[in-house]
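Engineer: Respectively, the protein sequence lines represent chains G and U. Counted from 1, the first sequence has number 189 at position 189 by full-length UniProt numbering; the numbering is strictly sequential. Counted from 1, the second sequence has number 155 at position 155 by full-length UniProt numbering; the numbering is strictly sequential.
Note that these hints are calculated values from the structure, not bench results. Just so it is clear, the structure is predicted and the values come from calculations on it, not from any experiment. This list has only true hints and no planted wrong ones.
Each computed SDA-like pair below joins lysine to any residue, with the alpha-carbon atoms no more than 20 Å apart:
| hint | chain 1 | residue 1 | chain 2 | residue 2 |
| --- | --- | --- | --- | --- |
| 1 | U | Lys-208 | G | Arg-195 |
| 2 | U | Lys-321 | G | Thr-324 |
| 3 | G | Lys-291 | G | Leu-314 |
| 4 | G | Lys-196 | U | Phe-228 |
| 5 | U | Lys-291 | G | Thr-324 |
| 6 | U | Lys-321 | G | Gln-24 |
| 7 | G | Lys-26 | U | Thr-324 |
| 8 | G | Lys-208 | U | Asp-200 |
| 9 | G | Lys-208 | U | Ile-197 |
| 10 | G | Lys-7 | U | Tyr-233 |
| 11 | G | Lys-321 | U | Arg-66 |
| 12 | G | Lys-26 | U | Lys-291 |
| 13 | G | Lys-174 | G | Gly-98 |
| 14 | U | Lys-208 | G | Gly-198 |
| 15 | U | Lys-7 | G | Phe-229 |
| 16 | G | Lys-205 | U | Met-1 |
| 17 | G | Lys-291 | U | Glu-28 |
| 18 | G | Lys-208 | U | Gly-198 |
| 19 | G | Lys-26 | G | Asn-43 |
| 20 | U | Lys-241 | U | Leu-280 |
| 21 | U | Lys-196 | U | Met-1 |
| 22 | U | Lys-321 | G | Asp-325 |
| 23 | G | Lys-252 | G | Leu-279 |
| 24 | U | Lys-208 | G | Arg-202 |
| 25 | G | Lys-205 | U | Asp-200 |
| 26 | U | Lys-7 | G | Phe-228 |
Protein chains: 2
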Amino acid sequence: MTQILNKPEDTVSQILNGVSFIHQEKLERVPQTGIIKYRHVTNQSVAIISGGGSGHEPAHFGYVGRGMLQASISGPVFVPPSVEDILQGIEEINAPKGTLLIIKNFEADVRNFLEAKKQARQKGYLVEHVIVNDDCSIEKGSYRKRRRGVAGTVFVHKILGAAAANGMNLNDLKELGEDVVASMNTLGVAVSSGRKIGSDERVFKLEKDEISFGIGIHGEPGYRKEPFFSSEYLANELLNKLLVRYSEISSKQFAILINGLGSTTLMEQFVFSNDIKRLLELEQVNCVFQKSGNFMTSTDMSGISLTLLEIKDLSWLDYLKQETDAFAW
Amino acid sequence: MTQILNKPEDTVSQILNGVSFIHQEKLERVPQTGIIKYRHVTNQSVAIISGGGSGHEPAHFGYVGRGMLQASISGPVFVPPSVEDILQGIEEINAPKGTLLIIKNFEADVRNFLEAKKQARQKGYLVEHVIVNDDCSIEKGSYRKRRRGVAGTVFVHKILGAAAANGMNLNDLKELGEDVVASMNTLGVAVSSGRKIGSDERVFKLEKDEISFGIGIHGEPGYRKEPFFSSEYLANELLNKLLVRYSEISSKQFAILINGLGSTTLMEQFVFSNDIKRLLELEQVNCVFQKSGNFMTSTDMSGISLTLLEIKDLSWLDYLKQETDAFAW
Numbered sequence: 001m002t003q004i005l006n007k008p009e010d011t012v013s014q015i016l017n018g019v020s021f022i023h024q025e026k027l028e029r030v031p032q033t034g035i036i037k038y039r040h041v042t043n044q045s046v047a048i049i050s051g052g053g054s055g056h057e058p059a060h061f062g063y064v065g066r067g068m069l070q071a072s073i074s075g076p077v078f079v080p081p082s083v084e085d086i087l088q089g090i091e092e093i094n095a096p097k098g099t100l101l102i103i104k105n106f107e108a109d110v111r112n113f114l115e116a117k118k119q120a121r122q123k124g125y126l127v128e129h130v131i132v133n134d135d136c137s138i139e140k141g142s143y144r145k146r147r148r149g150v151a152g153t154v155f156v157h158k159i160l161g162a163a164a165a166n167g168m169n170l171n172d173l174k175e176l177g178e179d180v181v182a183s184m185n186t187l188g189v190a191v192s193s194g195r196k197i198g199s200d201e202r203v204f205k206l207e208k209d210e211i212s213f214g215i216g217i218h219g220e221p222g223y224r225k226e227p228f229f230s231s232e233y234l235a236n237e238l239l240n241k242l243l244v245r246y247s248e249i250s251s252k253q254f255a256i257l258i259n260g261l262g263s264t265t266l267m268e269q270f271v272f273s274n275d276i277k278r279l280l281e282l283e284q285v286n287c288v289f290q291k292s293g294n295f296m297t298s299t300d301m302s303g304i305s306l307t308l309l310e311i312k313d314l315s316w317l318d319y320l321k322q323e324t325d326a327f328a329w
Numbered sequence: 001m002t003q004i005l006n007k008p009e010d011t012v013s014q015i016l017n018g019v020s021f022i023h024q025e026k027l028e029r030v031p032q033t034g035i036i037k038y039r040h041v042t043n044q045s046v047a048i049i050s051g052g053g054s055g056h057e058p059a060h061f062g063y064v065g066r067g068m069l070q071a072s073i074s075g076p077v078f079v080p081p082s083v084e085d086i087l088q089g090i091e092e093i094n095a096p097k098g099t100l101l102i103i104k105n106f107e108a109d110v111r112n113f114l115e116a117k118k119q120a121r122q123k124g125y126l127v128e129h130v131i132v133n134d135d136c137s138i139e140k141g142s143y144r145k146r147r148r149g150v151a152g153t154v155f156v157h158k159i160l161g162a163a164a165a166n167g168m169n170l171n172d173l174k175e176l177g178e179d180v181v182a183s184m185n186t187l188g189v190a191v192s193s194g195r196k197i198g199s200d201e202r203v204f205k206l207e208k209d210e211i212s213f214g215i216g217i218h219g220e221p222g223y224r225k226e227p228f229f230s231s232e233y234l235a236n237e238l239l240n241k242l243l244v245r246y247s248e249i250s251s252k253q254f255a256i257l258i259n260g261l262g263s264t265t266l267m268e269q270f271v272f273s274n275d276i277k278r279l280l281e282l283e284q285v286n287c288v289f290q291k292s293g294n295f296m297t298s299t300d301m302s303g304i305s306l307t308l309l310e311i312k313d314l315s316w317l318d319y320l321k322q323e324t325d326a327f328a329w
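The following block holds chain G by itself, in its conformation from the complex (with noise of 0.2 Å):
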């Protein structure tokens, strides 16, 4: 099947140049760069910028706007963005009352924010930074590899990003991020493992009725693979593994997130979000929040994540709530 691109090493530049013609009335690309920046910046807030690999469309530039992110820093697929680039970013924006970055949780991504972050301080810019951990999928040592930041990410974009237009200074952003992240559990499945770019090779092989448990956004395959019974099943098997995360479910409140990871179809997505709704009931938790659409994809992964977050504070609801022109969002 062919993908409708390009020459592959083009392909991140040609989809800033498209997001920006797009939705030139918002955002622009700084020349260059990986950088999307917000074409209505105010310095009356603290300015809250993400980024990492590309493939993840529309993470992070969909989530630039008022009351969201003022700049995204993309980096060649499934790679993070260059020290040079998310510096860069920082210094475009230039926000007098700080920069918070959110960064997903992942090795290389971690590292080239934070050392972006150590150069901006020594600029004498004021950052800050949170990392978001919500994937709940890998609890073994046999994968190395710590919590990582998935889909969720995008409820954390929101909620500090209205909080900081409503006027928070940066150490209760980042304590505020700190306590989303806290309060917040991703799972995901793949019924189809994605693309690598220009190629038709998958990632990961699945047979038809089967799906992996626990897969990443940069083609990892799961931890464990499943026969496929229905979407009723899956959203059973999803929810019941996050829930478990929490403890007194009756006395809260929750935001969740139905994430469609590439390929999957609207259709399928409101067929699940559906089964959502109806465990919700059974199980008689207080969903007081509900998004559902494609937030944070993997290339053309086809298949579905499910976000947890406990309402803690009911600011957060109104943060949710709040508008915003981000045109993913």
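Knowing the structure of chain G, use the given hints to seat chain U on it.
Structural biologist: Chain U only, in chain G's frame:
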């Protein structure tokens, strides 16, 4: 490859329940029907209603909202809604200033919508209709079908919905709709066919690096298979086939819609968007409005369509830009 569904026969009802769960602040399903209606319907304006078979998500419920549709009516997958559901939709909204039906030009859709219109009129409702036939791929007798209604339908929803919200009366809306339809052309290509629901069978077969020109949104194969060279080559071919339908191009203004057909990644859509941007500049086409995303899909078909709308009156551009809370615009 697995589809994340339950029993195929339950799919449409589960989609509609999923939509009304995820978008519960704005949308509700009329129980036991294919009707999704806006929760905050006012009687101040003419009601715009559209619908069609399922399998085109987010069409059409994704366009229900302030300044677009007041209701959408979904039929079974690739089968138009029943006369009863369409009639009930008109009655549910019960707009004193009248109802305008937007119909995609497929024989069975037109038949059911016009029969519902007739019955509604017999009951005393003011009802008019507009038929959208933007697909310019079918020209020769061999296919025996007229120009079909495809992705451009979403532009008609937006323009008529905004005009209605601004107070335009029923007859003027019908006339505006016909003008917009006459100014619009769409051409789509598939790089892989969609599958039937609950089956792995693809509706038609394409080899690697082969694309099908002029596909329909119900899995219809195109009129010609061609080799795939690059996104840029494809953009050039699609754009030129559309531009020949207009004269004196340099004196005109256009809106464009780049539409993913179901499983096409945003990465591909933005790369293709960038190619279109460069070609528009090269051909000195004055593009004043542009959108890219999954607007009118064909289950999990992978492919893209391009729509060109000549902006014959500047009010059309205002209508396109007017705010709406429909979730898929």
